[in-house]
Every structure is written in structure tokens, then in C-alpha cells.
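Novice: For the protein sequence lines, the chains are P and X, in the order given. Under our numbering, the residue at position 162 of the first sequence is numbered 162, and the numbers go up by one with no gaps. Under our numbering, the residue at position 202 of the second sequence is numbered 202, and the numbers go up by one with no gaps.
Heads up, a few of these hints could be off.
[Stated by the list, open to error] The calculated DSS-like cross-link candidates involving lysine-lysine, where the alpha carbons are at most 25 angstroms apart (straight line), are: (1) X/Lys-265 with P/Lys-73; (2) X/Lys-265 with P/Lys-140; (3) P/Lys-140 with X/Lys-291; (4) X/Lys-265 with X/Lys-180.
[Stated by the list, open to error] If you want the footprint, here are the derived chain P segments under chain X, 3+ residues with CB under 8 angstroms: (5) 28-37; (6) 55-62; (7) 139-149.
These are calculated hints, taken from the structure and not from any lab test. Yeah, the Cβ is synthetic: ideal placement off N, Cα and C, and Gly gets one too.
Now for the letters of each chain:
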Amino acid sequence: MNENITEHSLAGIEAPELLSRRRFLEKLSIALGSFCAAVVGLPLIGFVIAPLFRKPPEQWASLGKVGDFQIGKTVSVTVLDPSPLPWAGITAKNAVWLRRESENSFIAFSANCTHLGCPVRWMEGAELFMCPCHGGVYYKDGNVAAGPPPRPLFRYDVRIENGEVKINSVVVPISTTL
Amino acid sequence: MKRLFTAAWLWLDDRIGISVLLAPMKHIAPQDAKWWYVFGTATMIAFIVQVVTGVALAFSFIPSSSQAYETLVFITNNAPFGRFLRGLHYYGASAMVLMIGAHMAQTFLFGCYKFPREMTWSTGVLLLGFTLAMGFTGATLSRFFAIHVFVIPAIMFAFIGLHLWLVLRHGISEPPTAGKMVNPETYRKEYEELLKKSGKPFWPDLAWRDVIFGTGLILAIALFAFFIGPPALDQPPDPSVLNADPRPDWYLLWYFALLALIPAKIEGYLMILMPALIGITLLIIPVLNNKGERAASRRPWAIAVVLLSVIMIGSLWVAGQQSPWSPNFQALPLTEKVIGATSGPVFEGGQLFHDKACLSCHLIQGYGGRRGPDLTYIGDKLTRDNIIIRIVNGGGNMPAFGSSLKPPEIDALVAFLQSRKRPIRPQDQSPVAQN
């Protein structure tokens with residue numbers, strides 16, 4: 001047995017045709033192995049990273065009738081994710097801070113702090129939005145008043161259509177995608 | 001009968017090679033590796049608790065955002081032993097973080113990372129990173145849940161295997177002796193001689209301490225799980241409920257505090273750079289310094305680094321617990337006793353102080369928030385004009401209230417704040433006290 005192996009190995013060194021056969025088999029195995037890995041691996045990578053590139057369709061979501069809102073009042077309104085994943089359940093809900101500025105103008109803010117995304121609360125008396133996490137504070141126009149937030153509160157585009165207040169919920173800062 | 005069993009065992013052992021597989025358990029190790037050396041095994045025991053309880057919980061838990069909460073409620077309230085298992089998984093995570101911290105501090109202070117165990121240390125640092133990543137992904141759903149239960153554990157199994165292989169390859173380090181230097185050229189020979197002279201088989205001569213400590217650890221986890229139980233499930237995870245107050249688990253609370261306390265401008269860099277820098281520093285410690293003194297008594301800087309890390313994490317943790325930067329949303333209106341008036345501008349100002357959310361950030365006689373300065377005695381410090389300027393213009397971390405307060409409201413608030421003075425005690429008026 002041992003002799004055979006020795007013979008074989010020696011022959012490998014000596015006979016060029018055997019050597020090239022081995023090289024060929026080596027390359028063939030590596031090439032086939034890589035091909036198999038690609039067949040399984042590439043779709044896998046695509047599947048795993050696809051949600052990162054998922055762009056929800058632009059959609060105007062209704063927040064209610066214009067008459068439902070009092071002028072000067074800032075209220076939280078629940079809005080549904082325009083294209084929730086089928087298993088999103090309760091997490092498809094989101095909240096928007098909506099203020100009726102005048103007869104026909106509304107401002108809608110995202111309820112998520114621009115620092116790390118915690119939900120901000122509207123302090124009626126102080127006319128400020130305050131974040132419970134790291135103490136971010138915003139003025140009533142959404143500009144940063146204090147604390148670590150790097151940007152003003154996100155503002156949605158608002159329009160009134162057939163007596164309903166609608167926001168363009170194309171960008172929902174916190175999504176259930178990930 | 002006994003003979004039959006013996007024969008069966010011998011046959012199985014011959015065909016499977018169980019004794020050969022377990023032989024490394026009996027490797028010879030320094031006899032002085034005693035109680036200080038139990039934390040590594042304890043970390044692994046906690047990891048095993050996490051794997052076993054995690055697999056069990058996965059039998060009922062559904063990681064989808066529509067059902068996760070309901071399945072958690074079911075596991076906690078309905079499933080037999082469900083509450084206990086959730087508790088084991090929760091406190092097991094804490095135990096693992098504590099033990100890996102203790103293990104790391106011990107190996108660092110004993111200089112175990114020096115030649116030839118550099119890679120044992122570095123693989124351990126990576127395992128620390130994976131452990132924290134497990135903690136971070138432990139409360140997540142869908143893809144992060146897949147990472148939590150499949151990806152990171154698989155990597156951890158591989159790295160624990162590598163870590164243990166390196167422990168066997170280079171041997172358990174002997175406790176350091178002050179003045180005895182690590183010299184890469186002679187260390188291996190000296191270590192071999194030490195083992196020949198006084199080494200003992202790890203199993204069972206040394207391992208019994210690991211078993212006793214591990215038993216204590218499991219008992220502690222079980223007692224916590226049984227008597228205190230897992231964290232309570234409050235409201236369902238509805239993003240439209242805005243009265244949420246998110247807080248991370250205790251072992252990440254210090255980092256949460258750090259994010260609140262560092263200047264906002266450098267936060268973006270620090271959030272990514274600081275953990276990366278700490279990780280890289282820890283990884284390359286043995287590359288920078290792999291020989292020389294091992295004893296902590298001769299390495300004051302090593303003691304300082306460990307102490308400072310503990311103090312830093314500890315104090316940030318306390319800060320995170322108190323979260324003085326968070327407004328106090330629960331602040332109740334000030335009582336007449338605290339205001340010190342039942343009518344008039346001072347009383348109205350005291351009420352406005354609550355209604356305008358000043359109390360969310362400022363303390364008055366221990367009531368209110370800690371975001372801004374304590375205003376209990378502000379009347380002693382600021383004049384009327386200065387108080388008005390601060391309220392109207394804001395400044396520092398205080399919002400400007402000029403546009404949201406009417407002049408009479410400002411007057412009332414100023415009257416209230418001016419009345420916040422230290423009470424004059426009789427001894428303050430005596431000549432002795434005035435000196």
C-alpha cells in the first residue's frame with residue numbers, strides 16, 4: 001500500500017502528463033466549487049440585502065376630515081404605513097403630529113426625534129416637542145430648541161383633497177422594513 | 001450485567017473514540033491556576049444557558065412584528081415554565097456579559113495576553129464583540145432576529161472552538177510572579193518545565209473550581225429568573241403610541257448615557273469611531289506589548305486602565321439610570337405649600353411653572369426635572385431683568401419662550417421665581433454667622 005503511494009507520488013513528480021492531469025483536476029474542482037457557491041450564494045446575497053433597496057411607493061394617506069381639526073391645536077394622528085409588509089401588524093401604524101395653522105393650512109411632523117428616533121411628545125403649554133430619550137427639544141415649528149437632535153423634525157408634505165387632510169407618506173422615517 | 005455494560009462501553013468507545021475526544025480535558029495545567037481562573041468557563045456556561053433557553057423559547061416565539069408581542073405574552077403567562085425560561089434567557093445574558101467582563105479584566109491584569117497567547121486574547125476580544133452584538137440584537141425581529149439566532153451564534157461556536165483550541169495549544173497561563181519576565185525565546189521551555197515539575201491534570205484537579213463556580217452562577221440565574229422574573233411586558237409595540245420611554249438593557253445603558261452626554265457635534269463620529277477604536281486597541285494590545293512583566297503589581301497602568309474602565313462604565317450607568325437629561329413628564333403641579341402662596345402673581349407663576357413645562361426640566365424644592373439648573377433659590381442669584389432675559393431668549397440648552405408666553409404670564413413667572421429665596425434663619429442674622 002505504502003509502496004503504491006510512494007510510486008504514485010514519485011510518478012507525479014516525474015511524469016509531466018500525470019502532473020498536468022492533477023493540475024487540471026485541481027482547477028476543475030476549484031472552478032466547480034466556486035460555481036456551486038455562486039449558484040447558491042448570489043441569490044442568497046440578493047435576497048438578504050434586497051429590503052435595503054426597497055422603495056415604498058409614493059402614497060397620499062388621509063389623516064381625517066379638515067373639520068375634525070381645531071385651528072391652532074397640535075394633535076397626534078395615527079397613520080398606516082402605505083405599503084406595510086403582510087406581517088407588519090400593529091407596527092404598520094405610525095403617528096404624525098398634525099397642527100391646523102389656519103382655515104386651509106396644516107403642518108404635519110414626523111413623531112420621531114431626529115437624534116435616534118424616539119417618539120417626541122407635544123407639550124401643549126410650553127409649545128414644545130420634547131423627546132424622552134436624550135432630552136431633545138423642538139420649537140412648535142419643528143426647529144431644534146435644545147439637546148442633541150442634528151436636524152429639525154421631519155415635515156411631511158400636506159395637501160387638502162375633497163375635504164380631507166392628506167400627507168405624502170412616501171418617507172416614513174422609522175419603517176418595519178428592516 | 002456489569003460486564004455487559006463494560007463490554008458495550010468499550011465497544012462504543014473504540015468505534016466512536018469518546019475517550020480520545022475527551023482526552024484534552026485532562027491536559028496538564030499549572031496547579032496555581034485557581035479561583036481567578038473560573039470566569040472563562042463561567043462565560044461559556046452562561047453561553048450554553050443562552051443557547052439552550054434560546055432554542056426552547058424559539059419553539060413558541062414568532063419573530064414577526066404582528067405576532068411577537070402576543071407570543072411573548074403567551075410564553076410568559078400561559079406556557080408551562082415559560083416565564084422561568086424567559087427569565088433564564090434574560091438573566092443568562094446579564095451573567096454572560098458580567099462574566100466575560102470579569103474574564104477579560106482577569107486575563108488583562110494577569111498579563112495572560114502576552115507571548116505566546118496573543119491570539120487567545122484577540123479571539124476573546126472578538127467573542128466580547130459578538131456577545132455585545134447578541135445583547136443588542138436580543139430584542140429584535142425578522143432579519144435582526146435571524147442574525148441573533150443563526151448568524152452570530154454560528155460565528156460564536158466557531159470562535160469559542162478556536163479560543164479553546166488556543167487554550168489547549170498554548171496551555172493555561174500560570175499566575176504571574178512579580179519580577180519574572182516573559183521572554184519569547186525562553187518562555188515555552190520554562191512553561192514546559194513548570195508543568196513537568198508541578199502541573200496537574202485540568203480534569204478533575206483544577207476543573208472542580210469551575211464546576212462549583214458555574215453551579216453557583218446557574219443557581220443565581222435560576223433564582224433571579226424564578227423570584228424576580230423576566231422584565232414585565234407593558235404595552236404592545238405600537239409606534240403610534242407616543243408615550244413611550246425607550247431604554248436599552250442595563251449593559252448598554254452606559255452607552256445610552258454617553259450618547260446623551262457627549263457634545264452633539266461629535267456624536268456622529270463617536271458613535272462609530274469610539275467602539276471601533278476601543279475594539280482595535282483591545283485587539284492589538286498583545287501586538288504592542290507581548291513580553292516583559294506580567295504581574296499587575298508591576299504594571300500600574302494596567303490597574304489604572306481596568307479601574308478607569310470600571311469607573312467610567314459605572315458612573316455612566318448611574319447617569320443612565322437617573323437620565324437627568326430627560327424631561328420629567330410625570331411632574332405634578334406644585335402644591336400651595338411649595339409655591340408659598342394661595343393667590344396672586346406668585347401663585348399664578350407657580351402654576352404656570354408647571355403648565356408651561358418649566359417643571360419638566362427644572363427642580364423646585366426637589367420636585368420636577370433635572371434637565372436644567374435647580375431653581376429652588378434662583379431668587380437669590382438672578383435679578384428680575386436677568387430672569388426675564390433667560391425666559392424670553394433661552395440660551396445654552398434652554399429653549400426661548402419669548403413667542404409662547406404672554407407678557408402677564410412672564411410677569412407671573414418672574415414673580416414666582418423671584419420669590420424662590422433661601423429662608424432667612426435666625427443664626428444668619430447673628431454677627432457670628434455673618435463672618
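Novice: Run every hint past the structure and note whether it holds.
Specialist: Right, here's what the structure says about each hint:
Proximity of X/Lys-265 to P/Lys-73 is assessed by CA-CA distance (about 33 angstroms); at most 25 angstroms being required, the pair is judged violated. Distance restraint check for X/Lys-265 and P/Lys-140: the Cα-Cα separation of roughly 23 angstroms lies within the 25 angstroms cut-off, and the hinted pair is therefore satisfied. For the given pair, P/Lys-140 sits about 61 angstroms from X/Lys-291 by alpha-carbon distance, which is inconsistent with the 25 angstroms threshold. Proximity of X/Lys-265 to X/Lys-180 is assessed by CA-CA distance (about 48 angstroms); at most 25 angstroms being required, the pair is judged violated.
Restraint check on the stretch 28-37 of chain P versus chain X: 0 residues with Cβ-Cβ distances below 8 angstroms, three needed, restraint violated. Remark: the stretch 55-62 of chain P is not confirmed as covered by chain X, as 0 of its residues place a Cβ nearer than 8 angstroms to a Cβ of that chain, below the required three. With 7 residues carrying a beta carbon less than 8 angstroms from a beta carbon of chain X, the stretch 139-149 of chain P meets the three-residue requirement, and the given coverage holds.
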